[in-house]
Each structure stands twice: as structure tokens, then as C-alpha cells.
Amino acid sequence: MAITSIQYGKCPSITQEAYLVSFFGDTIFTQVTHDPDTVTRWISDIESIHRNRLHCLIVGLDVEWRPSFNRYQQNPVATLQLCVGRRCLIYQIIHSDGDIPDSLVDFLSNEDYTFVGVNIYSNLDKLETDYDEIKIVHNAVDLRRLVANRYRRRDLLYAGLEELAKVVLHKEVEKPRRVTMSRWDSRWLTAEQAQYACTDAFMCFEIGRVLKAPGFLRLY
Numbered sequence: 014m015a016i017t018s019i020q021y022g023k024c025p026s027i028t029q030e031a032y033l034v035s036f037f038g039d040t041i042f043t044q045v046t047h048d049p050d051t052v053t054r055w056i057s058d059i060e061s062i063h064r065n066r067l068h069c070l071i072v073g074l075d076v077e078w079r080p081s082f083n084r085y086q087q088n089p090v091a092t093l094q095l096c097v098g099r100r101c102l103i104y105q106i107i108h109s110d111g112d113i114p115d116s117l118v119d120f121l122s123n124e125d126y127t128f129v130g131v132n133i134y135s136n137l138d139k140l141e142t143d144y145d146e147i148k149i150v151h152n153a154v155d156l157r158r159l160v161a162n163r164y165r166r167r168d169l170l171y172a173g174l175e176e177l178a179k180v181v182l183h184k185e186v187e188k189p190r191r192v193t194m195s196r197w198d199s200r201w202l203t204a205e206q207a208q209y210a211c212t213d214a215f216m217c218f219e220i221g222r223v224l225k226a227p228g229f230l231r232l233y
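Under the working numbering, residues 14 to 233 are what the sequence shown spells out, in order.
Treat the hints as calculated values from the structure; they're not laboratory data.
Hints are not guaranteed to be accurate.
Unchecked claim - Listed next, with one range per pair, are the computed distances between beta-carbon atoms:
| # | residue 1 | residue 2 | range |
| --- | --- | --- | --- |
| 1 | 188 | 164 | 27 to 33 Å |
| 2 | 69 | 205 | 32 to 38 Å |
| 3 | 151 | 80 | 17 to 23 Å |
| 4 | 201 | 42 | 16 to 22 Å |
| 5 | 162 | 184 | 31 to 37 Å |
| 6 | 85 | 199 | 38 to 44 Å |
| 7 | 31 | 86 | 21 to 27 Å |
As the list claims (entries may be wrong) - The list that follows gives simulated cross-link-like pairs (lysine to aspartate or glutamate, EDC-like), each with its CA atoms no further than 20 Å apart:
| # | residue 1 | residue 2 |
| --- | --- | --- |
| 8 | 148 | 175 |
| 9 | 148 | 205 |
| 10 | 148 | 187 |
| 11 | 225 | 124 |
| 12 | 225 | 146 |
| 13 | 148 | 119 |
| 14 | 225 | 155 |
| 15 | 139 | 112 |
| 16 | 148 | 185 |
| 17 | 188 | 198 |
| 18 | 139 | 185 |
| 19 | 148 | 176 |
| 20 | 139 | 119 |
| 21 | 188 | 205 |
| 22 | 139 | 176 |
| 23 | 148 | 168 |
| 24 | 179 | 168 |
| 25 | 148 | 138 |
| 26 | 225 | 138 |
| 27 | 179 | 155 |
| 28 | 139 | 155 |
| 29 | 184 | 39 |
| 30 | 179 | 198 |
| 31 | 184 | 198 |
| 32 | 188 | 39 |
| 33 | 179 | 39 |
We put the CB at the ideal spot given by N, CA and C, even for glycine.
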């Protein structure tokens, strides 16, 4: 895997960074931002590109937060990652200063969209707890349950994303612990963090796409 930074310029007011993340032959255009207008544009682009299949849109979803070593204190969600096709958004929600765009709230609550991820229900609960503006996401599929059902393997109910990617996508991915445990609440994420966050969201999307997650949702 590799990552290439796209330079927007040297303007100090720039509110986003962009990368091209390579993942086994796929190239994912990834935007990192805390700016609500950038989030709104990303959503608008996605809904325009996929306008003919919005009724069955699959969205890979993941979150990250700064690790806490105090069992009685959890840090809030720092980043929300969304991925549709080869476009990924890493929204630094912790730096939004409470200005979470309505477009994102509407996107997450759209009942035509299916959001897929590992441990997604707990992640969404934390997101909704940490940020009052976020409403309940109804159409969510936990990929562990989906993969376990399709492959008739109960052990996969407890698998991590790496194991699910190996089973479904036949891709072996290593998630460096130093990145997992890094400062996700930093104002400026490193390229390594951007690659890590993008790859997670893209793998979630790909597993959901391959296994036709919206159809699984309708069964339950």
C-alpha cells in the first residue's frame, strides 16, 4: 500500500488535505477536513456520482478517537470516516467546534443508505453520545454478523477487520499498533494516519459491496 499527498497550495487558511491512497490496485481519493462546507461538498459529490443507485447506496463507516489509559474516562470520537466507492472522507469532527453540517446529519439518517462497519453499533452509539447533533443511524450492518452469516462461521462474529478482509477480499492487511494508538485528536493528522483511516473505511465498503449488505439488512 502507498499514499500520495495532493497539494492544494500554501494558503494558511486551508481547511483540508487530500491524498491518493493505494490499496492492492485500487486508488482511493481521500479528503481530510474539519470544515463543514467541505463535508457538504463531499456528500453532494457522492450523491451526484451515485444518483442512479441512491436507493441502495453502501457507505463504509468507521470512527477513531484518542486512546485513553484511564478505565473511567473515554475520549470523544475524533474522526468519522466515510467511504463510497473510491472516495473517502475523514471528518475531524472533534475540531468542528460544534458546527456539524446538516448535510451530514441528513446523510447519516437517510433510510435508503446502508452503513457498514465492524462493531458499528457501538461506534454509532459513541458518536451519538459524544455529539448531540448526530441522530440515530437506522440502516447499519455489522460486518462481523454479515460475514459470519454468509460463510456460516460463528467464529467470525468476534473477528477484526483484518480477518474479515482476509476471508472476503482475500487481502492480508497489517494495522500498525503505533497508528492505532496514536493521537487521533491532533489538529493535523499524519499521512500514515490518513492511510490507516482510509483503508479501514474502504475495506468496510468493499466487504459490504461484495456481500450485498443492503439485501442482508432487509432480512432482519
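Can you list which hints this structure breaks, lowest number first?
Result: hints 1, 3, 5, 6, 7, 8, 9, 10, 12, 16, 18, 19, 22, 23, 26, 30, 31 break, sorted rising.
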